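Chain B: place on chain P using the hints.
Protein chains: 2
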Amino acid sequence: MALLDKALVVFSGGQDSTTCLHWALKQFKEIRALSFDYNQRHKIELEAARTICQNLKIPHHILDFSLFSQIGGNALTDTMPIEGTQKSLPNTFVPGRNLMFLTAAAAYAYSYGINHLVTGVCQTDFSGYPDCRDDTIKALQVAINLGMDSQFVIHTPLMWLNKAESVKLALEVGAMDSLAYSHTCYEGVFPPCGVCPACILRSKGFSEAGILDPLQKRVSLCV
Amino acid sequence: MALLDKALVVFSGGQDSTTCLHWALKQFKEIRALSFDYNQRHKIELEAARTICQNLKIPHHILDFSLFSQIGGNALTDTMPIEGTQKSLPNTFVPGRNLMFLTAAAAYAYSYGINHLVTGVCQTDFSGYPDCRDDTIKALQVAINLGMDSQFVIHTPLMWLNKAESVKLALEVGAMDSLAYSHTCYEGVFPPCGVCPACILRSKGFSEAGILDPLQKRVSLCV
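For the record, the sequence lines run as chains P and B.
54 is the number that my numbering gives to position 54 of the first sequence; each next residue is one higher, with no gaps.
Count along the second sequence from 1, then add 1000; that gives the number in my numbering.
Wrong hints could be hidden among the right ones.
To be verified - A few chain B residues that don't get close to chain P, going by computed Cβ distances all over 10 Å: (1) Lys-1006; (2) Leu-1025; (3) Thr-1051; (4) Gly-1096; (5) Glu-1165; (6) Leu-1169; (7) Met-1176; (8) Asp-1177; (9) Gly-1194; (10) Leu-1201; (11) Ala-1209.
Claimed, not checked - Label pairs and their calculated CB-CB ranges: (12) His-1061(B) x Lys-26(P): 51 to 59 Å; (13) Asp-1149(B) x Leu-56(P): 48 to 56 Å; (14) Glu-1030(B) x Arg-218(P): 53 to 61 Å; (15) Gly-113(P) x Ile-1211(B): 43 to 51 Å; (16) Asn-39(P) x Lys-1043(B): 19 to 27 Å; (17) Ala-1164(B) x Lys-138(P): 37 to 45 Å; (18) Lys-1043(B) x Gly-113(P): 31 to 39 Å; (19) Trp-1160(B) x Asp-64(P): 32 to 40 Å; (20) Gly-1174(B) x Asp-5(P): 51 to 59 Å.
For the record, the hints were derived by calculation from the structure and aren't laboratory data.
Bear in mind that the values here come from a model prediction, so they are computed numbers and not experimental data.
Where a beta carbon is used, it is the ideal one built from N, C-alpha and C, also for glycine.
With the rest of the complex left out, here is chain P:
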């Protein structure tokens, strides 16, 4: 397939968006990465994003989204569910956060003449995050294109993959070296804690795919 033109990858520095970054490198002639600083509990994720983009020589921009702390710092914080994996959501969680991120990404892409957006959202995350589901993303694409008189396509290469399938895709698109630097752990530490829900989910994915997590290899080299 001929390479498409330019894409902007919404890039958190986590496992999924790192896989998407490499997927995009295979699909597009030119890519940029955009991260959001929303006072997330751990800056280590943004540092991972920066390191991975530097290694790959991909232009990377971090947008200040502290806006969320103005919305999320009050009632929302108090009404947060605290059981299950929800426990580890940052306390600035805002409903529809991905709607805001993708709309801001579209405005940013517009200014660079970029028509393709890539995001690692995944339908399997739907229970906790309705803004990750396929219907939401497709409705948002329509709203954005009407609202900006634009022709964005929002690509979601991981939408229907489980974690093991994501890992296999990561291998296929050559993301393993970058995944060594990606951040997943809810505790925000390196080496990762290994016991939080995020670490367990990551570990399960690699294990089911029968692939060694390059992050573990890096741990064994660095610690």
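For chain B alone, coordinates are given in the frame of chain P:
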């Protein structure tokens, strides 16, 4: 008609949203107003919003949206059309700005258990601002509700009105006292310059409706 429950009014302090604020006072039991500080050229608009809400004893919040200056401060600024009324757009203009505002408003409303959003967008503004058109707003409502698992209704009382009809609606909903404090002039001055495209449009609306602009009355009292 029985009054609906609670609404959040997206409130700039301009003529249209002031009319909407009073429209909402007639429709809902309880309202809040939300403004956005996006480094707009003239703070006088936000001051107008604050004064009007204080006079009406309506809870009012100003969200810091300086985020836009990070997106709009570069390429977008350079590609701005400079002819016609577009000349007076602030240099932080971002495509799809209303998409962001309404999505942030929905997140804010969510935290207060508010299901109704009111905005003064108008289809007649479509040429310059595709995010003001009816199709955009309806698509956005769907995207927001899917993305937040919510049931927001976005009300747009001015969508199909011309300026003279808006003025008549303002009279009908008792907005005249507030309109004396609303801000319109692109020059950001009081008394308004009277010759910029915004002043001329406002003046034309009142004149066609056969109603004296209360802002003019205030000017004659204050200057």
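Any hints from earlier that this structure breaks? Give me their numbers in increasing order, please.
4, 12 and 13
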